[in-house]
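Sequences and hints are given; from them, build the entire structure.
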Amino acid sequence: MSKKEKTIEHVRQENEQPVLLRMENIEKTFPGVKALDKVNLTVKAGTVHALMGENGAGKSTLMKCLFGVYSKDSGKIFLEGKEINFKNSREALENGVAMVHQELNQALKRNVMDNVWLGRFPTVAKGIPITSEKKMYQATKEIFEKLEINVDPKTVMSRMPVSQRQMVEIAKAVSYNSKIIVFDEPTSSLTEEEVEHLFKIIRMLRDQGCGIIYISHKMAEILRISDEVTIMRDGKWITTREAAGLTTDEIIKHMVGRELTNLYPPKTNEIGDVLLDVKELTALCSKLRDVSFSARRGEILGVAGLDGSGRTELLENIFGVATRKSGKLFLDGKQIRNRNSRESIKNGFALLTEERRATGIFSILNIRENATISSLKKCRFGPFLSKQKMKKSTDWCIESMRIKTPNQETKIRSLSGGNQQKVILGRWLLTEPTVLLLDEPTRGIDVGAKYEIYELIINLAAKGKTVIMVSSEMAELLGVCDRILVMSGGRLAGEVNAATTSQEEIMALAAKYA
Amino acid sequence: MSAALKRKGQLSSRIEEFKAKSGADKRRAIVDLLFNNAMYIIIVIAIIYIAIQVPAFLSTSSIINIISLTAAKLPIALGIGGAIVLTGTDISAGRCVGLTACISAALLQMTGYTNKIFPDLEVMPLWIVLLAVIAVGAAVGLVNGFFVAKFKLHPFIVTLSTQLIVYGLILMFLMIGDNNGQTLSGLDASYTEFVKGTLFRIDGVAVPKYVLYAIILTVIMWIVWNKTKFGKNMFAVGSNEEAANVSGVNVFWTIVIVFVIAGAMYGITGFIEGARIASCSANTGLNYESDAIAACVIGGVSFVGGTGKISGIVIGVFLLQIIFVGLNFLSVDQNLLYVIKGMIILVACAIDMRKYLARK
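Chains as they are written, first to last, in the numbering used here: chain A, 1 to 514; chain B, 1001 to 1360.
Any given hint could turn out to be false.
When the alpha-carbon atoms are kept at most 30 Å apart in a straight line, the in silico DSSO-like pairs for lysine-lysine are as follows [to be verified]: (1) Lys200(A) <-> Lys179(A); (2) Lys1227(B) <-> Lys126(A); (3) Lys87(A) <-> Lys1019(B); (4) Lys411(A) <-> Lys391(A).
Here are some of the chain B residues that sit facing chain A, going by a computed Cβ distance under 10 Å [said to hold, decoys possible]: (5) Lys1232; (6) Ser1247; (7) Gly1300; (8) Val1304.
These are calculated hints, taken from the structure and not from any lab test.
Even glycine gets a Cβ: it sits at the ideal position worked out from N, Cα and C.
Structural data, given as structure tokens:
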């Protein structure tokens, strides 16, 4: 306790910038959960303040309380010394508090400037309700020039890549002339170069005296860009420290609440003979082309590459949910076709999809229904379904995956991301697959739960299954996989041994055809 | 001028793009182009076929007839279009037109007509009646919009309910006094003249005044959709409601106003329809919404939301009327017409959705 106080004192002495935003003793309770328990956050002008914590630590709840999406139960918020209590995001925006949302909230069918000025379209003249395209265009151009964003304001959003849409979103937040700008995981869809661009923008805003709240899971980024770091855990404020003296290990320790000596479990899998052969796979509707590789029994094969390099498309084409133009698949030397997901499942394939919420879980159904949906055949009782058999299958999932849930009837949406992912993984294991295709298996999952997922993956490989795993986190690929395929621009740029390669080598390959 | 140049530039760059493609991709691009414009292609072929079969189809009087019918059906489509932009629909439109038509007719029957529903009523000033029916339509729209925006009910279910309610109101309205459900006719000359009077003549064929009213409404709606905050907000809400919300758009009022404007449009349609048909009954307006929805979809107002143009709606209504008039010229059975209408809606929607399907 005394250590904590000391650090705050320390920060106060060091940094004499005026305080822009102060959130004091914020509390918020949802039915059954104390989401925020006396949380404090102080953001100074001209600084970047990182807000860290595992999923469910209460970061986004805290921000939602700031923006008035949730009303806080108690506590006070001061903006430049004045107490504020925003009722909706509009009020927050008008008072100089803006946010770049993690999930892109954009009207994709409208053009760039319509999106930037949404909610405050400029009119031809005061009092006349006619909007002025000219003013919108010029104002957008000005902001983009200032931020060095090279996008035509009249482009329709859906025609641009995700990274450019993200930049537009950032420009929009800047255009409110905000004093406080919240960046919620802004780099998840950006390339290295674009991240540099973003950091340049953030530094520019900081130098202009803005207070930046930066939410991210990426430790390296946090240590590079931020001046101060606030760490939360289980809805509680843990510590606020200067970024300069922090190490990754320390941050993780505070986030998880215990020392994580090993980020990755020991590898126990043994690599056997070739199981899957992919020959010159080319997709009909995406740019994936001429991908050939083989995967062995008991092997964890990683797939690296930038967003849009064809990683997801590769898995989808193997699994048959995307249409192949040409190419052949061989399982155990026998040609298979995998024309659709049902045929692939019969052939022993399983696909864990990238967007858990959109294509993984059935959010309003319970755990039992979610777990057994792909293996209902085994739960048959004549023409009906046997509840007993379904219960037994689900029990097996909950036990072997160590899923934390009150019971089988719990709706899956009320579980944490890690537990949801375990249910989905369990769903696939019930189909008794031999080849597991995992697309970002740890996306949006806590550090602690990630470890458990890694353990599960390694155990599966140890049982002789082939795991093909796509991930954007290079460290994770290096820590878990045996071999890594690197995709670039829809093609296979190279193949590296996970034990001997480096992040630099993978990055160089990933940029080969990009 | 510069816009035209730019468009030309875009076209040539598209041609360049096309030339750069490989054989299979070229074929796909052509198939896509054909499918995306299939509705127009089918209709043009139909027009040519009908014109060859029955040359009178393209006579002045026939064309003015088609334009007049288009003008009569246009306001209702302009109203429904907004609801479709919001990914919704409005099936109460036809009954709203029926109710407002009956009210207009009842208030504007000539003095001394034997079957007058309100025997002691003097002929009311036209503008009061017009405002009254606009208010009635807008009120129904307000109810629609409120339930859609407040309780997030699907517009289909809300307007299905209000459609029934409005139908009940029409039936009750027609039972007032000694009317006993009879059709309302014997309209005052001022009313008939205001709606159906001659605007000007082409080759001796009269163009009715309501064509002018339809043009005025189209211009107003074009400005509302393209040049006002409300219009831009409407497209944003239709495209991504959550994005609009976090950007500070008042989503609730945007939705309500879309339905209120739609209701007002039905009121105006009812006012025009009352005089145009000149004998209003409980069946007036029946199924008008299906024509309007079909017209919107043909004109590119998509059910995926957030897209659509006023010009598209005008073209959609026009093409649909050409088809109907053309089929009449070919003396197609009236009952078969319904089958064809249904098929047009189905095909138009399928072709439209095809554009938005994410192909894998």
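Quick rundown of the hints versus the structure:
1. Lys200(A) <-> Lys179(A): Judged against 30 Å, a Cα distance of about 17 Å means the pair holds.
2. Lys1227(B) <-> Lys126(A): Distance of about 14 Å is within 30 Å: holds.
3. Lys87(A) <-> Lys1019(B): Measuring from Cα to Cα gives roughly 55 Å; hence the hint is violated.
4. Lys411(A) <-> Lys391(A): Distance ~15 Å between Lys411(A) and Lys391(A) Cα, so the pair holds.
5. Lys1232: 5 Å, holds
6. Ser1247: At 4 Å from the nearest chain A Cβ, Ser1247(B) passes the 10 Å test, so the hint holds.
7. Gly1300: Because about 12 Å separates Gly1300(B) from the closest Cβ in chain A, which is outside the 10 Å limit, the hint is violated.
8. Val1304: 8 Å, holds
Of the numbered hints listed earlier, those contradicted by the structure are 3, 7.
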